[in-house]
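Take 0 as the starting number for the sequence shown in numbering that gives the first Met the number 0 and just add one per residue.
It cannot be assumed that every hint is accurate.
What the hints assert, rightly or not - In silico lysine to aspartate or glutamate, DMTMM-like type, Cα no more than 25 Å apart, as pairs:
#1 K41 with E86
#2 K41 with E134
#3 K41 with E95
#4 K41 with D132
#5 K41 with E138
#6 K41 with E106
#7 K41 with E109
Hint data in this document are derived by calculation from the structure and do not stem from the laboratory.
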Amino acid sequence: MRGSVLAVVLLACVAVGAWLALRGRRLHARWQGQVRNVRGKKGERDAERLLSGAGYRVVARQLRTSYAVRVDGAVQQVELVLDFVVERDGEQLVAEVKTGNAAPRIERAETRRQLLEYQIATAARRVLLVDADNETITEVAFPNATGAARSGASWTWAVMIALLAAAAWWLQRR
């Protein structure tokens with residue numbers, strides 16, 4: 000009898016310990032999220048001052064927008080929240096604010112993909128990556144299909160002009 004009571008108590012302790020561990024883990028995750036949120040808000044305030052100091056005028060903050068993607072023939076809307084839309088010298092750009100050691104680095108795939116998506120979704124020639132902690136603004140421009148098509152078309156025109164010039168020269172010699 001004594002052994003079975005001890006087993007029940009031990010099982011109850013293990014169950015309570017597991018519950019406390021899960022609860023502690025959730026509380027820790029929530030605390031970390033709050034810390035990131037506070038750091039992000041401070042980073043955005045710092046970034047706004049940094050952008051203004053660099054001559055950018057803030058047009059919008061936390062702008063919700065969307066763009067269409069065709070998936071298996073059906074159009075699907077993708078939502079975005081842009082940290083800042085800024086303007087300088089008549090050009091509007093998206094400014095994405097990052098804090099921490101890794102996030103503001105273009106070498107980080109998540110950051111690079113986010114900036115690429117913003118550039119494509121807004122049809123901008125470039126986007127801004129703002130490192131709030133190190134107080135830097137980096138202009139990022141990804142090559143796109145429009146630019147590639149333009150350079151291909153330029154090459155085609157150059158060949159055509161060269162051929163026409165050669166034909167004119169040959170006809171003139173006759």
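Verification of the supplied hints:
no., hint, result
1, K41 with E86, "holds, 22 Å"
2, K41 with E134, "holds, 12 Å"
3, K41 with E95, "holds, 14 Å"
4, K41 with D132, "holds, 10 Å"
5, K41 with E138, "holds, 22 Å"
6, K41 with E106, "holds, 24 Å"
7, K41 with E109, "holds, 21 Å"
Going down the numbered hints, you'll see the structure goes against none, and every one checks out.
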